[in-house]
Every structure is written in C-alpha cells, then in structure tokens.
Amino acid sequence: MLPDLPHLALAGFQATALLAAAPLVSGFARVMRAKMHNRQGPGLLQDYRDIVKLMQRQEVWPPDSGWVFKAMPMLVMAVLLVIATGTPIFTLAPPIHVMGDLVLSIYLYALARFFLSLSGIDSGSSFAGIGASRELTVGVLVEPTMLLSLFVAALLAGSTDEGAIATAIANGHMQSAGAAVLAGLAFAFGVYVELGKLPYDMAEAEQELQEGPLTEYSGPSLALLKWALALKQTLVVGWFVGLFLPFGASADLSIDGVFNGALAFALKALVIFAIVGVLSNAVARVRFRFTPRHSWAGVGVASLAFVFYLVGV
Amino acid sequence: MFKLLKEIFRTGQATALYPFAPPQTIKDSRGKPEHDPVKCIACAACTGACPANALSMKTDVAAGTRTWAINYGQCVFCGRCQEVCPTNAIALTTEFELAVARKDDLITRATFKLAYCRTCGAAFSTLKEVDYVARLLGALAETPKEAERIRAHAEICPACKRRLDVEEMAQANPVRQMECL
Amino acid sequence: MIPLSIHNPLALLALSLALFAAGGFASLLCGRNDARAIRIAGLSGALGGLSGLVAGLFALAGPATSFSATGPFPFAHFVLRLDPLAGLLVAVISALALVGSIYGLAYVREYAGRGVAAMGFFMNVFIASMLLVVTSDNAFWFLIFFEMISLASYFLVIFDQEREAVSAGFLYFVVAHAGSVLIMAAFFLMANATGSFDFAAFRSAHIPEPVASIAFVLGLLGFGAKAGVIPLHVWLPRAHPAAPSHASALMSGVMIKIGVFGIVKVAVDLLGASGGPLWWGLLVLAVGAVSSVLGVIYALAEHDIKKLLAYHSVENIGIILLGVGVGMVGLSMNQPVLAALGFMAGFYHLVNHAVFKGLLFLCAGSVIFRLHTKSMDHMGGLSRQMPWTAVSFLIGALAISAIPPLNGFVSEWFTYQSLFRAARDGEWAVRVAAPVAAVALALTGALAVMCFVKAYGVIFSGPARHHHHDVKEVPSPMRVGMALLALACVALGLASPWVAPVIGHVASATAGLPDVVLAQGAVTVPGDAGQALLSTPVIAVMLLAMGVLPVLIKAILSGHGRPASRRGAAPWAAGYLPDSHMPITAGSFAQPIRMFFRPLYSVRDQLAARWNGVEHGFDDLTAAARRAEPRWDVEVIDPVVAGTQKLGEKLQVIQGGDFRIYCLYIIAALVVLLALVIR
Amino acid sequence: MNAPIFRDDLTIKPQGLSMSNEVAALKGRLLKSIGRSVYVYRVDCGGCNGCEIEIFAAITPIFDAERFGIKVVPSPRHADILLYTGAVTRAMRMPGLRAYEAAPEPKIVVSYGACGNTGGIFHDLYCVWGGTDQIVPVDVYIPGCPPSPQATIYGFAMALGLLDQKLKETHHVEGEGESVPLIHPEIPYALRVAVERRAREMAGYLHGKVIAEAFLAALAAPEPASVEARLAALTAQESDPRVVEIYGQLRAVLRAMVVEQAS
Amino acid sequence: MNAHTPLRIGSSYVAALRAKLPHAVLEERWQTDRQATITVKLEALPEAVRTLYYVHDGWFSTMAGNDERGLNGTYGLYYVLSMGGAEKCHMVIHAQVPEDKPEFPAVTPLVPAAVWYEREVRDMFGLEPVGLPDARRLVLPDDWPDGLYPLRKDSMDYRFRPAPTTDAENYPFINDAKQETTVVPLGPLHVTSDEPGHFRLFVDGEDIIDADYRMFYVHRGMEKLAETRMGYHDVTFLADRVCGICGYAHSVAYANSVENALGIVVPERGQAIRSILLETERLHSHLLNLGLACHFVGFDSGFMQFFRVREKTMMLAEMLTGHRKTYSMNLIGGVRRDILAEQKLTTLKTLGELRCEVRRLVDILLSTPNIGGRVTNVGRLDPKVARDHSPVGPVLRGSGFRRDTRADHPFAGYLSGATPINVQTGCDVLSRTLVRVSEVFDSMAIIENLLNDTPAGPILTEDFTYTPYKFALGFTEAPRGEDIHWSMLGDNQKLYRWRCRASTYNNWPVLRHMLRGNTVSDAPLIVASIDPCYSCTDRVTVVDVKKSTTKTVAYKEMERYCRERTSSPLK
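Residue numbers (our numbering), protein chains in the order written: chain A, 18 to 330; chain B, 61 to 241; chain C, 15 to 693; chain D, 2 to 264; chain E, 27 to 597.
Calculated from the structure, these hints are not laboratory results. Hints may contain errors.
[Claimed, not checked] Computed list of chain D residues with no C-beta within reach of chain E, every gap over 12 Å:
1. 55
2. 91
3. 94
4. 100
5. 150
6. 239
7. 240
[To be verified] Which stretches of chain A does chain E cover? Using the computed rule of at least three CB atoms under 8 Å from a CB of chain E, they are:
8. 50-58
9. 134-140
10. 297-309
From a predicted model like this one, the values you see are computed outputs, not experimental measurements. The beta carbon of each residue, even a glycine, is placed where N, CA and C say it ideally should be.
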C-alpha cells in the first residue's frame, strides 16, 4: 500500500506539471478578464513574467512579523504540492494511494488556510487581518457543503478513497445517478468558492482590503504566494474534475495513458476556467454579510444529493 | 449576465493601437505650446498671461541678453500665451509625447539681444521688439521721414519717453502748461 | 484476586497512589516554606505520575486485574479493577500528572506566599482521586472518590480568591453535586436491580429495559455534567480558567474525561449485558454533535485565552462522544467492526485531547506567567520573546485543529470513518444521523482552525499589545512540561499505525468484541483497507520532501545581486501613521462568525441566564452571610475557635486565608444545593 | 502684507530622500527585469484628481495599459514603479515618504502631471512643497495638466525604454538679422486689430483667429477687384452658418471703420 | 442676473428678519435682484441664520470669512443661505468681528450645517467661534504651526512655507462606539480612493460602529493664491483646477460671481456654451461615478464598459474645448471658444450613440447578480440628518429633496427653460445612483436642446470696468451638487477675497452617518456614492458635532459670551 517507484514518479510528475502550469492558469484568467472588458489585455504568459520579475525584487518584511510571515508562502506551496500527489487528476487512482483520502484532502487544504490566515495576522496589517478572518470564515461556510457532497459521493462509491470515487463515477458504478450529479453540483459550488474568484474573493477583495493577506508581501515571497494561489486554483479544479468528471483519466500507469490523462485534464480545465472566467467577470462581489445565504444554498443542494442517495434515485 | 455578454460581443476589442500605430489626436486639442523663436519679439505678453508661471523672461543686463523660457513641466496647456501673442510666435500643437527622464529636458529657452535706449543708454527691451514696433507703426507713416521719426521714437525707453513728452509738451504749449500750474 | 507484586500493574498503581498521598501531606506539612512545598509536591507528583503511567500502559493490553479489600462499610467492598479502559484513563491521568507536576515546579512560584503548600496538597489529592475513580469497581467507593475529585478541584478553582473565581467555583460546586446526585440515582437503580454495589454484579446482571434506560439517561446526565456537554457545560468555561494553569490542564485534559469514562462505563460496561437500544447511541451522537459545534462557536467569541480553551474542551468532548455514540450504535446494531471503530475513535480522541489540551493550557499558563493577564487583547507578538512556548502552542493548535499529520487529525479521521461506515451500513435512522454528524464535525473542524489561527495569531504573532518590555521565555521545568506534551502530540500522530491497534484493543475489550484491523504496516485502515487508507508517516515524509521544492525554487529564481531583504518601518496603513488599534483583535477576528451564527449565541445567553438565578442566590447568600458574620463570630465561631485553637491554627494552614469564610461558603452552598434538589 | 520677502528665504526644503549609489546601480537591472511586467502604485500627493482619473482611463479598454504588463497594484509593497501625482501638499509629505519607504528597492519614481513635475499652477504656495522631486528622487517626468491617457502610455513606454524620449532641452540664441515679419502689412493696423478683436469676441481666440485670417486674406487678395465681391465670395464658399454670421459681423466692422475714416 | 431690475426677490425674508430681530439688522445690500447681504449685529448672528435656515427653508450654502481690516477695521463673516421657499434667492447674513476681539458666537449649535465652516474660519483667520464644541483643526495640516493664520492679510507672504512642526500625524479622532473596536484606515493612499483622504473606520470585525475622517490632504492654499499672485481674470484658470472632474463648474461659478459683482451681462451664446460644457462635464462625471460604483463592488467588467463609453464624452470635451479635463474655457464676460457647425454635428451624433450605449449599460448594471444586495439599503442618509447638514446634489436628491441649483437659481444657459429635477426617495446608495442615471439622460437632452437652439451673437464681452470692492456670489450645479463662490474685488486688478466652496464640502459631514451600521466592504462604495471630490474641498474634513455634548459645552460658552456683551439679544 505504500507507494512504489512508478507511483512516486507519477506523483512527482503530476505535482510538478501542475505547478508549472499554474501561472498559465492565472495568466489565462487575466486574458479572459481582459476579453470580458473588450481589452487587448496581457499575453497568456504574463504571470510567468510577473513571477520572474518579482523574484528579482527586494523583500520588505513588516516590522513586527515573525517566521510565520516569512515561511508562509513556502509552506503553503509545499502543502499544495503534497495535495497534488494525492489527488486523482491525470489518473483514476491517486498517484500516492495513501494520500488519496477525501478527509485528508479537506484537512490539508485547511492546513494551507491555517498558515495563509496566520500570516495575515502576523503582518500586523489591518487589511491582512480582516482578510485572514474572511478567508477562514468563508472556509467555515463552505466546508459543510464540500464535506457533505464528497460524503455522498463516497457513499455512492462505498469508500472515502478518492480513487475509488473517481473509478466508480468513470465506470458508472453508482447506485444513484441523480445523487452523483447533485453532489457534483454542490461540490462544484464549493470548489468555485475555494477558487477565491468573484463573487467570492472576500479575502483578497482588492477594493475592500487591498488584497488582504497579500498586502504586506513583496518580492520573491509575493511571487511564491501568487504562484501558490494559482496552484491552488488549478488543484481544486483538478480535484473536482478528478472526482466528478474523471472521463479521460488514465486507468493505469502507462506513459501513454498518463499523457492522455494529462491532456484530457488540460482540455477539461480549459473549459472550466473559461466558464469561471465568464462567471467571475459578470458578477459583483457578494456583500460579505450575505455570504451565508449562498453557502446555505450549497448545503441545500448537497443535502438534496444525500436525500437522493437515501432513496436511491 | 447575458446582456453583458451581448454587449461584449457587440463591441469587440476596443483598445486603440497606439503606440504601435500613430496616435489618434483631435483637431484643435491643446498639446505642447510650440514656440517659434524667430517670430518672437520677447514682448513678455505671454509670461504675464501665463497663470502657472510656466513662461518666464529673465534679463541679463551684463550679457546684454533677455532669455525667454518655457517649462513644459509647469505648463498647464491653457493656451493663454497663444491668445495674447501679438506675432503668432507661440501656438499650441497637438503634440503630447513630452515625457522626459531629465528634468532639464522640459525646458526650452530662447535668448534675445537687448535694445538700449538711444537717449539714456539703458537696456529697456529687445532689439527685435523695437524693430517690430518700429516697422508696425512705420507702416502707418505716410512719408519716409515720418517712418524714421517713429523708428527713432521706438528706440527710446519708456522713462525717457515720458520725460521727453513732458519737455515736448512744455515747449509746444507753454500757455496751457501755465494754466495747469 | 491477584496478589500485589511489582509485576502487577495494580501494584504500580498503588505505588503511584501512595506517592501522591505522601506528596500531598508532605506538602501540607511544609507550611510556609513555599520552595520546599513546591519541590515536594512536584517531585512526588511526577514520580507518582510516572509509575501510574507505567501501570496504565501495562494494563492496556489486558487482561483486567483487580484487588479487593473489605472496607469499613459492610455493604461495600473496596474493589479496584484495572481493565484496559481503566488502564487507558490511568495512563492519561498519570501522564498529565507527570507533566503537570514538572511544569508546576516552576509555575507554582507564581503563587508563592499564597498557600502553595495547600495547592500541592489539593493537586495531589485531585490526581489520586481521579486515579481511584477510574479504577474503583464498586459504586459506593466510586461515588466517594468522585466527590473527592469535585472537592479537590473546587478548592483549586477558588484558589485565586478573586470574585470571579469564587463565583465560578460556586457554580462548579452546584453542578458537580447535582451530577453526583444523578449518578447516585443511576447506581441506586442498578443496585436495586442487582442487590449489590459491586460493578461486577451490575456487569453480569440483566437489567430490564425501562430501568436500564432510566439508569442510562441519569448516568448520561450526571456524567455529562462532569464532562461539560451542552447544555450542562455552563460551569466549565468559568471554572477551568479560574484554576491555576497546570490544574486547568488536568481539569480540561483529564477530569472531564472521567465524564466520558462514566458514560462509557454505564452504557457499555455496566449495562452492556442488558444491551442498550439504538436510541442510546443516537442520543449520545446528538449530544456529541451539538456540543462540538456549539463548543467551538462559543470558543471563537472568547477573548480570555483560558476560557477559549475551556470552550474547546466542550467541543472536543463532543467529538469524543461522536465516536462513542457510533460505537454504541454499532453495538446495538450488532456490527462489531463498526462498534469497535467508533469506540476506538472516541478513545483515541480522548487520549489526544488530553495531550493537546493539556499542552495548550500549559502554554497559556506560560503566557499568563509572564504577562499576568488572561485577555488575549493584551498579548501579541510573543513568538519572538517566547519561542519555545510559541512553537509548543502552535503544535497544540495544529493538533487540536485536526491538521494532518498530528494526533488530532488521526482521531478525527477515525471518527469520520466510523461515521462513514455507520452511514453506509447502518439502519435507516443511522444512515441519516451519521452524515449529519459528519457535517457537524466538518463545521467544527473549520471553526477550530479559525479559532486557533486567532488564538495563536493574537497571542504570538504580529505587534505586541502589552506593555511588558522584558518578557522572556519561561523557566526550564515549564519548557520541559510543554515540550513533552508537544512531542506526544507529534508522536501520537506520526505513530498512529502503531498506536491505533493498541487503542483499538482497549475499545474492543471494553465492548467485549474481537479486535479489528486498524493498521497494515505503516498504514492505518478503518477496519478494512477498501474503505480508506491513511498513513501519517507518509504524509510527514511528503510534507518534508515537498517543502524542499519551494525553497529550491526561491533560491534558484531569486538570483544574485538582488537587494538584501529589509524590515520595513511600519505595516502599510494606507499611508497613515500606523497605530496600535489597527492590527486585528481577537474580537474583531471572530466577528463574522458572531454575525453569521447569531442565533446560536443567543442560545448560549439563554442557557447562561438560567444559571444566573443560581448566582444571584449565591450573591444574596454571601451578602447575608457577611452581614451575619459578626454575630456568628461572637456567638458561634469565637467559642469554638477558642476551644480548639490548636486545631484551628493547623486548619488555617490549609488555606492560608480566612478559614471561617470557607466554612460559611461550604455550608451555604450545601444549603442552596439541597434547596435546589428538593425543589 | 509684510515687507517683501524673497522666495528663497521663505521656503524651506522638506526633508527629502536621496538615493544611495548602490541602489541607483540596481535600477538599471530593475528596468531590464520589468520590461514586460510592471506593477505600478499610485501615490496621490495632493492633486486635483484630474491626473488620477486619467490614470484610470489609461487602464480602461481604449488605452489598456495591461497590454504592456502594466498593472496598478493596491499595496506599495508590490510596486516597481511609484507614480506620484500632485504638488506634494504639506499633509501628503509623510504619506508620500511612507509609500516610498514601503516599496521594495530599487524603485522607479514617475512624476505625473504639471503639479508632480514642478508644482504646476500651485508651484509656490504656502501649503505645497512644489513637486515630487522635493521629497523623493524622480526618474521620469510626464508633463500635462493632466497628461492624456495616450501621454501616459507614452510616458511609461519611454520609462521602460520601449520608445525614445522626444523632448530635449533646447536653447535658441537670436541669430544675426533675425526679424519678425509683419502680419498683413497691406491692411491698416487699426483695421486688422478691430477685425481680429471682433472675431475673437464672436468665435474665441482659436476659431476667431482662423476666421479673421481668412477674412483678412480675402481682404488683401488681389482678385477679384472689388472688396465686396471678394468678401461675398468668401461668404458664399462657407457652408457653416455660424461662420457666415461671423463674416457678416466682420464686414460690419469693416464698414464701420471705413465710414468712420470717411467721416 | 440683471442688477438693474427693481425686482428684489427675497425681500420678504429681509422683512421677516427685521421683524424677528428688530434692532439687530443694520443694513441690507442687494448684489443682484436675487442676492442680498444683510448686515446684522454680531450677537444676533446665530439667531439670524437659524431663522432663515429653519423657519424660512434656508439651506446652508457657504460661509466666507474675510479680513476687511484694511477697509473697515473688522473681519467680515458672510453666511450664505440658499432659500428654498417660495422666493428662491440667496440671502447672505453678514456680521463684523472687531479686530481687537477675534471671536464670534458660533452658529453651529443652532445650525449644525455650519460646523466645518466655523472650524475653517478659525484655522484660516484665527477667529474663534465661541460655543463650537469641536476644537480640532480642519483645514490646516497637522504639521502647520499654531497661531499662523494664512488668510489674514498681514500674517504672511503666500509663499511662506514654515518648517514642519511634526512628522507624525496628531489629529484626534472621535469614536463614539460603546464597544471595543479596531481601526481600519482607508487612505490617504488607498487603492479605491483616487484622492487622498483618511477615513478611520472603527470596526468590530466587519461592522462599522463609527467612523471619523481627516480630509484636506489637498489643501494647497488656492484662495490665498487667487488674491495674491493672480489677476482676477486669471482665476478662472485656477478655478478649473479646483477639481479634476468638475473643474469647469468652478470656473463658471467664479466667473459668475465676478460678473454678478460687476453687473456684467454675458452674451447669451456664451451662456449657452457654458451650459453645454457644464452638461458635458456632468456626463463624464456621472459615467465615471457609475463606473467606479461597479469597480468598488468588484464588477470590473461594468467599470470597464462605463469607462469605454465615457471615453466618448471625453472626446466630446476635447473637441469642444481642446482638452479632456481642464477646459480653460472661461474668461470674465464669456467663453474662449465657439461651437461651429462641424463640432455641433459631431456632438449630436455622438450623443445619439451615447444614449443607446448608456441605456444598455445601465440595464446591465442593474441586472448584474449581487448588485442589488450591495446597493439597496446600504449607506442610508436619513432625511432628517440631511436637513440639518445641508448636503447637495444627488446625495440630497437621493434622499427625497427636490433641490437643484439649475432649477432653483437659474444661471448661464439654464435661464430659458425649466431644468428637470430628479429625485429618489430610497435614501440609499441605489437612490443616489439612480438619480445620476436619470441626470445622464437629462444632460444629453439639455445639450441637444441648447445645440439645436444656440443663440446668435458674440460669445464674449469685454465691455465692462473693474470696480474695486464689489462682491457677489456665483453658483453652479456641478455633478456633485451646488458649487458656490463668493468673490470680492480688490483695487489692483486682483481679488480681495475669493471663497470657493465645492459641493463635496457640504456632503462630507453627513458621511459619518451614512457609514455607521454598514460593513467594511461597503465603505468604499458609500464614500463613492457621495461622489466625493477631495481636492474640490481643498481644505476640510471633519465630523459633525457630537449632539450630546453640543448643548452643554455650547451653552456654557455662550453664557460667558453673553455676559461679556450685555446687549446680546440672545439673553
């Protein structure tokens, strides 16, 4: 059950490939955004340029910050890479089997969130502090939806292993198709909130909080953090795609299969990020006070999925 | 949301090509004031009218020069200089590419020679101004002698002119002067 | 009866008890020599803890050993029984006693001149009585020791003598005794059905359904009050913070576990043969879910660090009960794997909570030791001056927030897995209840993360909000205490594939079930590998391995000739002069939750209002007592004191305070209690 | 008013920041690395808002500065370029310096608009310091009041080395025999002035000048012989009724002058 | 604006005042047929202002302090009220403060709208408003030395720059919160405010419990400049730069004030062109505000679309005036550029396009998800608060008051027809936005009407003489509300005093009330909903007077004041 060499190789490949592609994802978002503004906009590779540039800049630490502030971008990126080794994205099974439990995934994201928010307080900035508070609050509001929808999917597959869920959905071995679809919808909502895009970009709300936890970062740390956040967006979409739209993912470890799986993921991600691009640029940020209304809707859909599962529709 | 998408598709890309294509300028828009030093008589009408003090005039008596200068960094592009210039020496263009890295590049100067009063010898104006005034007024003269008189008069500084006027008046009409006294 | 010998865990337990007792009385005898009292109480506590720990660990594997003696009362034999569950509790109690005692060696200096000798005495009595409760196998003696716990801890709660502490202590006293009465009633019912006070008799008897259910509910309420489940939690967030921090660590870390132990004892051990219906388990599950969510929500609103931790105890008791509830459900549905898994998850979390909550209370104690305030709004930026405390607290915070790969995550993972199994395989009602409980657990987890980001952030991060310029790290005994527990957090997490089967055995043995598969090599599995896999060692390795990558990226890409990093002059305050009111405070940080969960807070206020009546009564009583005091002095107390002056002087040593006031308080409290119960 | 005081005695210099040579050397490197990725932080040091709105306009669809990787960021910690506007009022001195301090080294400072460059129309007031370079070292000046979005794009392109600087310091020295030509010497001075003044009252300094010039040119033209005919032709060519109206007014001036002269 | 008509609209107010304060009214002077300056005894000042304000539906327009010691040995105070009753006119209450005792009874305790003005006059002239409970600075920066009053004629040269007294801000903020709060600083350098101003939100997490602000970061000293370096005819170009958005409105208001003072009749065509440009300015300003409202709620696509469309109005402005922003179009007596046929046709065509596009964009804006939640019932301005503080423009009209200078006190090209007034009664951000939306369409209609029906004739008159010491008010309805200027001519081709009051000046004090009870995320939007113009204000900010303390403090101070002046009618 412990990972062997091919699985480790796959894990390494998947993690580094997603990391390498992450700035492309955020660059694509910027292009989409520009197009929604009828602007020419930057190139697809703009975020690579930004990261390279930021790497050359000086770092300025807030006066009262401690090691949490300094280490956070690296920590968050590391945690996200660990998640990348356990999420079935290119293949139907998680690259590292023992990392593929859905509860583990949820709590690893919580680990990333823990340090991201903590750094907000550590910076001593008023905006970063409020951003940290919002980041966690949104987490609280969205966690029930995500857990319940995943729980339903796991019940349908009979296992909390993400690989088992992906395989079951890919093969159509589901007791209840309706429940699977609804659970997928509810999970998609949760994933959308996790993306941190409008209308749910509470923590980084530029106009309200000057980018919240990012306010005080500069230079290489800012580069890593932006990169990590892009990686997170890639990953959560990968999570959704891997579990609920696993079609095209490789069932084995063959090089061809993995390559095709990666290609399939790229296509699915392109479509999803295009939709996200349109959605996020066509709405206003939800008034923070009203966020629970939205999250209750998410819980409602997930609960409905659960009811469907119970009655076996 | 669909209304927005419709609007986006209707509009297409709105971005202008500049700087990869020539700029779109609007006729009569107020850009860089272009000074033609050849046409300038250094009369200081513009420097007096400039609300931002972007235009200045400095007289260096020792060097015998008067230097006109415009600081594009201080200019507010109102066009008052153009409005008051009697010789059309300064006019606003549509040029807007004025950014510089060195502050001194913002300054354009023109130096003119001073004119000295033919009576007292004091510097009071520039040669070009004296010349221009003389020709302008001279054009009204009906005889060359009159023109010469006008030119000679133009070359006298205001102080001397006042003095001379008083003397002239005193000679021409002593009676009235007496009355005044 | 197995004879006492050094190879027998019971013997070690007896040694431990003897050490505690000796240490306690020796401490008392030290009188006003504080340093000696601290040393004696601390060392005896540590040694007693050590031997108790060994005893408990030996007992984990079973089989049960017991010791019986005839006591002074003909109707009740003095029976001690060390079965695996008791062993687990003994180990936990002793471990915390060990650490707390080491910590106390330095910490108690804070109380120098305020009766540390008595504190040492009460601490040791407190620990010893807890050990005795979990091991006694006779209802009468159980109740006696249970009362001893309450009394000893009551004195610890009111030790500070502040208005708040005294009133908190009173509330605690009332609830504890109300609980005892209910437990007493439960035991009487069982004794009535079996004709004996021996647990052994309860265990084997078949008690008819309605009686068993009534006994169960009485037990649940009584032990629930001790455990601090909602809505019987009101005393907890007030009493725990009032006690000295190492005592708080024991109260929150282990004392409330006696409540859980009691519930398990009644429901599974004593009434096990009678076989509980499904609704027992569902009831426990419901209580657990409500306690966990509300506990953490209330914790979020706190500014007082110890109150915050105390509310988290309510939350974690809830989580433990989720596991216990699933176990009970599994038992009644005759699903041995599910039952074992549920109990195992609960017991694992019980151990874990004892460790990290103990750790957090000790860390809080360290901060208070230096800053002399419990308000988080007057802390901030301590990670630079107190790095050991900060790191320990951070480990505790991560553990309690169930962050992998630490211990809190492992036990919550098992809880999720047990809930999943229940939802998958259970009866209809269970299939509905289990996912709801899982959602409650998820919500709890997210809120706990928020709460501990707030706690760590506001206390240790960012700019300082206090005015102590010379804050430094705490003395080494305190550091050692914290470090031991922090290591335990890591060890119980990383070693989960090896720890889980041990605790699994305790669970199986308690419920009388066969062992289930909980580990395969370095991988933990919830009964079968098809359901899920988890390997904390692998997670740890992966985190370390992947941690290298960003460091490398930064090192390679950020290149040479970059200007050296520098510390800015101030955080960016939009161009304005930054001031001390700008960094976020504990209150502001949690405000969105207070806003979104407003109805739940009003539930708390309602509950608190109920208890206010008790407190008002107390206020009136003390006021009356104060007015009556001179008369008492003249007419009653003076003659008595004069008559027994020597005795009186000795007794005064106990508190170093005004003994008469205490007498009055206790008498008054008993009167009120009686009035309440009778009504 | 007090006795006159000279400006240099009145004004004290604010405590500005200077740059170390080391940092100056790093700037060259920065310019290379930010070629296509520029984070800009706006520092409004007391402008009238005109500049700020034009900066906004420069990032909107028509001008779209993001084409060049230029992005306006919300925190100075992210900035490569600090864009100072305004004449640096007294109250903005410290915030302006704080923003400079907060940004990572090296940083490029762009001074934007007349106020930022020199203080503009407010250059010598009691409550301003008179330009960005009074408090921080400036690398690029973008003139304008306010600079148009196109001028902004040009300024940034220039700062980043994409376009060349056009404006250079020049100094004309009067040459020998330099003489200013007279305007319409063939028309009596008084008449020309009267026409020009009337045209200005009717159409303003700009259009008025053009209309007066056309009118005077027609007046001075040799063909056709009759003044009235020439002016009628001029009017007939004009399609704009307003200009026709103004020609009519100018002809009235002409007529009045002629009548006056005659009398 | 004809000063020679015998018609004197507003005489009834003067009569009422004489009846109410029989011995206090010393003199009445009429600047135009709708503008009177009534000199009252200093002691009667608060009561006179209160009477006009509350009894006769007066609204506080501005207050000018003036150092007239060189003329008559006193400081003059001119309280300007815009009368909203049957007789629409401006009433100016004038009182004289003796040179040797620079204090006067504060009007603020009776009319809260005066608070900023009285604080400002203390800063700039050193005149102490007795009974004013707010002792903080308003206009002058924290690092300005005490006791140096810039607008006193003899205090200092206009170029005098004293050394800073401090490097750290020391302005005390008022926080009325009963609970513990933290501070969220918005500005002076905040991404959402294009201009510097410091808003200090006292928050409990997300909730704004109270707010205070410090403005006047943009105080440059323009009023002093106008009376020193510049000739009176140059000040139109300075007034253009009061504000980067609505500068032209200031320029017109200034020109009007001098024209009113000197009795200049501006040619009709010049007036029409002024109105056309004012409406063009309103167009781009309102579109800017609508765009920013989108931006502040994160709907950047809307922001970009509004700005894309707004570029058309900028193009119009550039075509009509030669510049996108600072029009530099006014001279005393008229305007500097004519509108020829070509420009007229282009303008009409562009307006046609603009109307369709703006209609579509507004439709998009109102149907965008979450917008409703962001603007409805957010940032409420209670009509009662509004009545006490005299805000202006869409802020006031969004709270249900029917007041618009263009209709109430017609000027420039609005003399001919009735200008529509748009009113909404929701009192929230949405109402203010909707008022602006309607005004955009009205502006287009006004421009079209004026273009299609432009009077013939000159655009400028230079047929007037400069007469020393004449003074009058000039006013416009800027996009943000009424701009009002009070100018007094000197005797050296300069102004003696220029008092420029921008619309936002009157809108700041109510902001505090609008922020309370909302959340941090609403703050930028609420601030934007008053469409603030920081530099317009040029000096001030502050907070309204704390109601609870007002009475006691004011009363005691007032008592002392009255004791010292036994003749006070207030006794």
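For this session: Of all the hints given earlier, name the ones this structure violates by number, lowest first.
Result: Violated hints: 1, 2, 3, 4, 5, 6, 7 and 9; rest satisfied.
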